[in-house]
Each structure stands twice: as C-alpha cells, then as structure tokens.
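**Student:** Take the given structure of chain A and dock chains B and C to it, following the hints.
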Amino acid sequence: MEKHMAVCPYCGAGCKLNLLVENDQIVGSEGLDGLTNQGELCLKGMCGYDFVNDTKILTPRLYHPMLRREKGGKLERVTWDEALDFTASKLMEIKEKYGPDAIMTTGSSRGTGNESNLAMQRFTRACLGTNNIDNCART
Amino acid sequence: MGSKFVVADPGLCIGCQTCMAGCVLKHSVPGDVPRPRLNLITTLSVSAPIVCHHCADAPCAAACPQGALYQDEGRVAIRQERCIGCRSCVLACPYGAVEIVTEEGSALLGGLRLATTPRAAIIKCDLCVDREGGPACVAACPTGGLLLVDEEELERRQREKRRAAAEAHASFSSVPLN
Amino acid sequence: MSCGVPGMEDAGCLFLFGYNPSASHPIVSRRIVKAKEKGAKIIVADPRVIETARIADIYLPLKNGSNIAFLNAFANVIVTEGLVDEEFVKEHTLGFDEWWDTIKEYTPENTQEITGVDPQLLREAARMYATAEPSSILCWGMGVCQHLQNVEAVHACAAIACVSGQIGKPNSGVAPVRGQNNVQGACDMGALPNYFPGYQKVTDPDIRQKFADHWNVPVEALSDHVGYKVSDLPKLIEEGKIRAFYNFGEDPVQTEPDVPHLTKMLEKLDLFVCQDIFMTQTAAMADVVLPATSWGEHEGVFTACDRTFQYFSQAVPPKGECKHDWQIFSELAERMGYDMHWENAQQIWDEECRALWPAAYGATYEKMAGTGHAQWPIPTLDHPGTPDLFLGGKFTTPEGKAHLVAHDYRDPTEMPDEEFPLILCTVREVGHYSCRSMTGNCKVLALLADEPGELRIHPDDAKERGIRDGELVRAWSRRGETMSRAVIDERVNAGTVYMTYQWWIGKCNNLTLHHVDDRSRTPEDKFSACQVEALPDQKWAERHLQELYSQLKEDLAETAAAQHVEPTCEGAE
Numbered sequence: 001m002e003k004h005m006a007v008c009p010y011c012g013a014g015c016k017l018n019l020l021v022e023n024d025q026i027v028g029s030e031g032l033d034g035l036t037n038q039g040e041l042c043l044k045g046m047c048g049y050d051f052v053n054d055t056k057i058l059t060p061r062l063y064h065p066m067l068r069r070e071k072g073g074k075l076e077r078v079t080w081d082e083a084l085d086f087t088a089s090k091l092m093e094i095k096e097k098y099g100p101d102a103i104m105t106t107g108s109s110r111g112t113g114n115e116s117n118l119a120m121q122r123f124t125r126a127c128l129g130t131n132n133i134d135n136c137a138r139t
Numbered sequence: 001m002g003s004k005f006v007v008a009d010p011g012l013c014i015g016c017q018t019c020m021a022g023c024v025l026k027h028s029v030p031g032d033v034p035r036p037r038l039n040l041i042t043t044l045s046v047s048a049p050i051v052c053h054h055c056a057d058a059p060c061a062a063a064c065p066q067g068a069l070y071q072d073e074g075r076v077a078i079r080q081e082r083c084i085g086c087r088s089c090v091l092a093c094p095y096g097a098v099e100i101v102t103e104e105g106s107a108l109l110g111g112l113r114l115a116t117t118p119r120a121a122i123i124k125c126d127l128c129v130d131r132e133g134g135p136a137c138v139a140a141c142p143t144g145g146l147l148l149v150d151e152e153e154l155e156r157r158q159r160e161k162r163r164a165a166a167e168a169h170a171s172f173s174s175v176p177l178n
Numbered sequence: 001m002s003c004g005v006p007g008m009e010d011a012g013c014l015f016l017f018g019y020n021p022s023a024s025h026p027i028v029s030r031r032i033v034k035a036k037e038k039g040a041k042i043i044v045a046d047p048r049v050i051e052t053a054r055i056a057d058i059y060l061p062l063k064n065g066s067n068i069a070f071l072n073a074f075a076n077v078i079v080t081e082g083l084v085d086e087e088f089v090k091e092h093t094l095g096f097d098e099w100w101d102t103i104k105e106y107t108p109e110n111t112q113e114i115t116g117v118d119p120q121l122l123r124e125a126a127r128m129y130a131t132a133e134p135s136s137i138l139c140w141g142m143g144v145c146q147h148l149q150n151v152e153a154v155h156a157c158a159a160i161a162c163v164s165g166q167i168g169k170p171n172s173g174v175a176p177v178r179g180q181n182n183v184q185g186a187c188d189m190g191a192l193p194n195y196f197p198g199y200q201k202v203t204d205p206d207i208r209q210k211f212a213d214h215w216n217v218p219v220e221a222l223s224d225h226v227g228y229k230v231s232d233l234p235k236l237i238e239e240g241k242i243r244a245f246y247n248f249g250e251d252p253v254q255t256e257p258d259v260p261h262l263t264k265m266l267e268k269l270d271l272f273v274c275q276d277i278f279m280t281q282t283a284a285m286a287d288v289v290l291p292a293t294s295w296g297e298h299e300g301v302f303t304a305c306d307r308t309f310q311y312f313s314q315a316v317p318p319k320g321e322c323k324h325d326w327q328i329f330s331e332l333a334e335r336m337g338y339d340m341h342w343e344n345a346q347q348i349w350d351e352e353c354r355a356l357w358p359a360a361y362g363a364t365y366e367k368m369a370g371t372g373h374a375q376w377p378i379p380t381l382d383h384p385g386t387p388d389l390f391l392g393g394k395f396t397t398p399e400g401k402a403h404l405v406a407h408d409y410r411d412p413t414e415m416p417d418e419e420f421p422l423i424l425c426t427v428r429e430v431g432h433y434s435c436r437s438m439t440g441n442c443k444v445l446a447l448l449a450d451e452p453g454e455l456r457i458h459p460d461d462a463k464e465r466g467i468r469d470g471e472l473v474r475a476w477s478r479r480g481e482t483m484s485r486a487v488i489d490e491r492v493n494a495g496t497v498y499m500t501y502q503w504w505i506g507k508c509n510n511l512t513l514h515h516v517d518d519r520s521r522t523p524e525d526k527f528s529a530c531q532v533e534a535l536p537d538q539k540w541a542e543r544h545l546q547e548l549y550s551q552l553k554e555d556l557a558e559t560a561a562a563q564h565v566e567p568t569c570e571g572a573e
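Protein chains in written order, with my numbering: chain A, 1 to 139; chain B, 1 to 178; chain C, 1 to 573.
Next comes chain A alone, as it looks inside the complex (with noise of 0.2 Å):
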C-alpha cells in the first residue's frame, strides 16, 4: 500500500492526511500531524476519498471532452482537439462582436488548487482581456 500525502478537499480547516492507494484506487485515508488537525479528521476528512474512484453512486465521473453541437442537441464525445478548438473560435468571435466584457468565467474554491486558480485569472485577464472572473465564495 502506498501512502500520499494531501490536504482535506472539504471545508476551510485544512486538515493534513494521508491518502491510501492500492493499485491506483485510493482505499482510505489517515490523519497526518497538520498545523490545525493534529492528527484528528472529521467523517468527511476520513470518509471522503471515494468520490475520486468513480463510484458513480450519485453521478459520474467525466472521462473525456463533450460537446453540443447546436442548442438543444445532445452532448456527445469529441477530441480535446475538437472542444477546445470550438471553445476558443466561440470565445473569439464573441469577443469580436461583443467585446471582452461579455465573457464571464470562475475561478474555483474546491479541489483543484491555487495554481489552477492563477491560471484562470490570468487565461481571463491577459488572454480574454475583462476582469469578469469570480468565485463562490459567496454561497
């Protein structure tokens, strides 16, 4: 069994555990002697990791690129070269049209991290050129 490193992906208190891995399926996970945790977990900190595995007990896993050809159509799977192609001729043309302001994007306050979150306010800032990027840290 492997043990990895990580910080709680639910609430704000940032707990310190270890994630168990067994063939690459995370089995479990243990409290680490974090500043603010001390070794201790709550359910979610100590029942929490499954969701990654696909469980698919409330909703699935995304595996791979979709897209909705026309409004009211059906999504249906295409390559990354596809979706982001289309992403980034739909985001330029509505840039052309309508200016940089009618593009509004997040940032995300969950699992993915800082890092991702400065990549998004810059992609938004510099690339899309409005400041129209917030997060939820409102509800």
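Treat the hints as calculated values from the structure; they're not laboratory data. Treat the hints with care, as some may be off.
Stated by the list, open to error - Distance windows between CB atoms, simulated:
no., chain 1, residue 1, chain 2, residue 2, range
1, B, G96, C, D460, 21 to 31 Å
2, B, G67, A, E22, 51 to 61 Å
3, C, V565, B, V129, 27 to 37 Å
4, B, S171, C, P134, 31 to 41 Å
5, C, K539, B, A92, 22 to 32 Å
Claimed, not checked - Below, in silico cross-link-like pairs of lysine-lysine (DSS-like), each with a Cα-Cα straight-line distance of 27 Å or less:
no., chain 1, residue 1, chain 2, residue 2
6, C, K264, A, K97
7, C, K268, A, K95
8, C, K169, C, K90
9, C, K367, C, K169
10, C, K41, A, K97
11, C, K401, C, K90
12, C, K38, B, K161
13, C, K241, A, K71
14, C, K41, C, K63
Glycine included, C-beta positions come from ideal geometry on N, C-alpha and C.
**Tutor:** Chains B and C in isolation, oriented as in the chain A frame:
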C-alpha cells in the same frame, strides 16, 4: 475479563457524527452490514451517540428465543446465523441500541452494490472485537469525547467519588478534626 | 482571520456570532471545546441552539435577521459601561465620534423588540467579551455574510474588536471562518473581479503595468475596471451583457439562489463551457464539457481559512483523458494566440504567485513539504509566517489605522407574511460538502445522509401544520417548491425552518430569494419567506421521492454515458 462499553461525554460531543462514520467504515466489508452501530441523539442540552452498554444481565439476550445474542467474556455478542428476525431484542433493549435489518434494508446505492445483507441481521455494537486498537468510533472521535469504559475505569471513578464523599464527612464530625 | 486556528484555544473568550463550527468545521469546533477545557469563556449568539451553545457561558438567542441591531447594542454597552480601550482607539483607529453618533441610538433595551434578546444578558455578554484576558476572538460565518446587511455586520464586528482593544495582539481579533477548503485560496489567487493575485487592485495603473509586463501583454490589453460578480450572472444574461460563461469547478445550479430563474437564464447563453470532474446538474446544461483531474490526481497548494498555504500531492493517475485544469487554460490560450505555458504546478506557483505577490514570496514548495506550511504574510524565504495580523494595532489602511464605521438597522428584504409565514434559513450538512457532487459519491457519507435532506422545524410550527417527525413535507416560496423530510427539533426557534443546501431533490435553493446586497453582491440565503405543509399520502410521497431521485441519477448517467462513445470524425469543426 470484565465487561466493557463505549460511552460519550456530552460536553465534548460536537454532534459531528464522525463516530458513526468510523463505525460504518469499519463494517463496510463483505459479509458485514454497513450501518452505524451508534446513533447520534440530540436534545436541547445533550448531544451524544447512543450505543449498546453490553449489560451484565442483558435484556436483549434474555429476550432472544434462539440464543442469537449471548454473553461472551463480558460482551453481548451475536450469532448472526441464529437470528430469525423476530425483533424481541429490539423491544427489550432499554437503550434502543439494537436494530434488525432485513434484506430489503440494504438497497443499491447508485451503481454500487453494497455488501450483501443476510436475510435478517442483528445490528448492534460488537466493540470491534476483531479490530486492532479497539472500537473504531473511539479512535475516530476528533474531540476525544468517546470513552471505552472497562472494570478498571469504573473502579477508578468509584474510588474518586468515594474519596470525595469521605471528605464531606468532615462537616459532621462529633469532635473537631485537624 | 486575524488569528490562526490553533491559537483559538489560547484566547480568553470566543464569541461565536452566526457561526456553527460543529457543522461547518468540526476540526475548528474541536479547538473551541479545547479552549473551553482550558478555561476560556464562550459566548454564542445564534437563533438556533447550535452545538456550541450547549457549552457556552452565555447563549443569546437573537432573532433571524437582527444582526445589526444586536451588534450596535453590543457596541453601545462597551462604550456606555466604560469598557472602551481608550488608548487603542486613540492610537489605532479613526472615526470614533461619527461611529458613536450612530451607535448611541442603539441600546440593549430599545433593540430588544428587534433582537428578542434579554438586555441584561446582552450586557453581560458585552462585558465578558470586552474584559476577557488575554484576548477575545469574534468568530463569524455565513450567519453574518448571507444576510442583507452583511458588509455592515462585518464593519460592526471589526469596530467592536477595535473599540474594546480585542485585536492587534496574539490570538485575538476577527475570525470569519471560510467555508470551502480553498475559498481563501481562490480569493488570494485573484479569482475575484476587483483583484489580481494578492489583493492587488485591478484599478491601480502601476499594478496593471506590473502584471502586463509579467504576462507579456500591452497594459492596454488589461481591463482597467472592476468586473462582474457571479451572483449577478442571471441578471447580466437577461440584460444581454454576458454572452459566454466559462464555469470552472463550481455547480451554480445547485449552490446559487433561485435556481428556477438561473436555469432559464443559462439556457440563453451563446456559449456555456463547464470544466469539472463530475457530470453535475450544471455540466449537463453546458455546450462544452471539459474533463479535469480530481483532487487526488493532481498536486498543488490550498489556502486554509487562516491564510495557511499547504501543499498536497498527487496520489493516483488521472482518469481517461482528464487534463489538469491549468493545462486546459494554457492550451486554450495558445489556440487564442496567447502564450501561457508552464511545465508543472510548482512553476505556476513560483512565477504567478510568489513572483507577483510580495507577501507570499517566502511560501516555497520546499517549506510546505510534508506536514509543513506557510502562513501569509510570509515575505521572505526565512520568514516564519504570520498567524496573527495587525499586531501592535498596525492596520493595512493608508493611515495604518482602523476606520470605525457604523450602520443603521434595516429589516430583511422579504419579511414573513400571511401567505409565507415562516423564515427559511439555509445551513450546512456536517457529512456533505457544498453541491455534494464529491461527498454524494462517497459510500459512507452517502449512507449516513441522503436525499431529500432535512427540514428542521420547531415542535409548535410542526404541530400547527400536522407535521410528524420523519415525514416528508412540501415547502414552497414565491420562487419555487421542494420536498424534504421534517425533523421536529426543539433546538430550532419557532417561526423559522432550516434546510441544508446539499440536496438535489430536496433543493432549498428552489425557494431562496435572489436578493444581493449592494456592496458584496452576496445573496440573502439566510432569510427568505416560505411555507411548509404536511403531505397527507406518505406512501405516495416516499415513492415519488424515489422516482425523482432515480430519474435525476439516470438522466445524469445517460448524459455522461455519451462520453464513452468514441468520436466518429477527428477534429471536425
């Protein structure tokens, strides 16, 4: 070996249900039933998980016509294969700490097939006898609010209380005490 | 937070105002229990008897929505009973006289009708808070922020800490305990319409120049005005101002207020991109769905509620074709003709955060290895980090002094009436998180609490409606309706019902009012009017609930199943 049981300190309990999660996690193995053996109860001033006391003269064991519940070295243990699901134990237990789960009680959870339940199963605290380090709930509680009480702990508490009571005797001594 | 979480247990007094740590942060709640064991005084002001109220020295059951009246009266006591730290006020604050002009009108006695709090008890609490040694901490949560007068209440809390001198020393001050694991981080990193990373203003030309240089764009390419806030999205779409929405790692269809209206608006977008790890209800509506790696499948840094940066590692390989979020942004930028390339997360952290935000410069990956951490401000490599802000009364305003600001009380937007006589207050589920896409897919957590969630109601309100404990009920408001399971709870105040916002079938945000305040644009999720009724046919209701739930899960599974059908044509546009 004397009897043991798990009990909660209602002042340290924060009602977070981590004990219940620890219990379910421990029992989430094939052949077992993934349900909490202790249940958080809240009143206006008390929060505490309620769980089997492993009574020395256990009413649940006395009520079972099949001997599915029995005394095993100070612990009320379960012989699952003998349970007929008559629920006499549920009625008899003064703590509400025994449950009977039937097969329809364990449904599919999304796409996930949970451990299969026997036809009728007794769900109650087994003190995690097969777990190294003792009951999972006690280990899980983040405030240290659960205590595994054993003979030694009971004796220690008794000694403390008797000592405090003895001190109080000083007030009605017939002759002055130094 | 002006203090660290560990330091909470060494304060002399903890005042919890609109904050229920046992449900939102059990591991912070643990510190509060420890503080009590060490002899700290605990004050709880909350309409409900929350867990901590049971061990509080003083519990103040204030009425929902009365925060400003309460806090003003609390401040009034500190002044009129001579509990002001005169020296701190003189040396470290501005605007006391104007502040007092407003505060002097509010006494515990003349606000009692609004707050419902016994004036004597309020006076005792103010004395206990202001005189506690060595320090007091005023903690709050969404019970402050999701009310109409939220920013006003934050001003009031900060002023109370200042005038009583309970800030500017170790383990003191103000503790707005952030809810989500990295909401502090998202804000720190500039996922806000008014700030670059590190709270550097987008309206400051020098700051814009610094970022433009670093990002290799002409300064004119950076917008010089503050952007829109996400809570205004439905309105902005309706007005035709927003045409494209790129939603990243959030689920507004679950978490935003007045979902029925929001859903209608999202359908009107020219482009709706959703980047997530799950087929959420929001993702199912998108035009483009981009699969990202999950926590556990990537490394990075989170910021905890007390400004502590902590590193987390990758445990398992990504699923399917999932890419890291930052890779997706980088590849998208490249296609739009902008070069924004990194090799790994550490490079982003060093180049985009540490290099541009002086207060984070000392927070290296090395320092955060293992159980290490770095609490900002941490300006140099050998800096130990800063658990306590504002030490010695040095504030971050241009004058270095705290500005005391007071506000008058206003009634909440939608007061209960004959048709909707109950207040709906949305709260948190201890075993589930945010929109529940993560915890709802965890076996043990799903076993402990599942749909449709609970509606907690006072015994009198339940009796009046013929509602029995554990039965399914219907709840509705001017916005919409939902189904929930009634829990008759003596800890709940009469006239208010409490629902947790984690449930997809028992969705309380079908009912909530989308009214945001003018300053922070935060929805008034803690106060809207609703009605609840018993469902006479419980067998039907239970069956109906199961049908709705199965249908929802089937629909999402079916939408997601399309991803397993290989694309027919490569890269066709």
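**Student:** Determine for every hint whether it applies to the structure shown.
**Tutor:** Each hint, compared with the structure:
Under the hint 21 to 31 Å, the C-beta atoms of G96/B and D460/C, about 26 Å apart, fit the expected range. Taken as a hint, the range 51 to 61 Å is violated for the pair G67/B and E22/A, whose Cβ atoms sit roughly 39 Å apart. Roughly 50 Å separates the CB atoms of V565/C and V129/B, a value that falls outside the hinted 27 to 37 Å. At roughly 38 Å, the beta carbons of S171/B and P134/C sit within the given window of 31 to 41 Å.
A C-beta distance of roughly 30 Å is found between K539/C and A92/B, which places it inside the suggested range of 22 to 32 Å. With a C-alpha separation of about 23 Å, the suggested pairing of K264/C with K97/A holds against the 27 Å cut-off. This hinted pair checks out: K268/C and K95/A have alpha carbons roughly 17 Å apart, not beyond 27 Å. Proposed proximity of K169/C and K90/C is supported: the alpha carbons are some 16 Å apart, at most 27 Å.
For the given pair, K367/C sits about 26 Å from K169/C by alpha-carbon distance, which is consistent with the 27 Å threshold. Proximity of K41/C to K97/A is assessed by CA-CA distance (about 61 Å); at most 27 Å being required, the pair is judged violated. Distance hint between K401/C and K90/C is fulfilled; the C-alpha atoms sit about 10 Å from each other, no more than 27 Å. Distance hint between K38/C and K161/B is fulfilled; the C-alpha atoms sit about 23 Å from each other, no more than 27 Å.
As the CA atoms of K241/C and K71/A are separated by approximately 20 Å, the hinted pair is consistent with the 27 Å bound. Between K41/C and K63/C, the direct Cα distance comes to roughly 23 Å. Compliance with the 27 Å bound is thereby established for this hinted pair.
Going down the numbered hints, you'll see the structure goes against 2, 3, 10, while the others check out.
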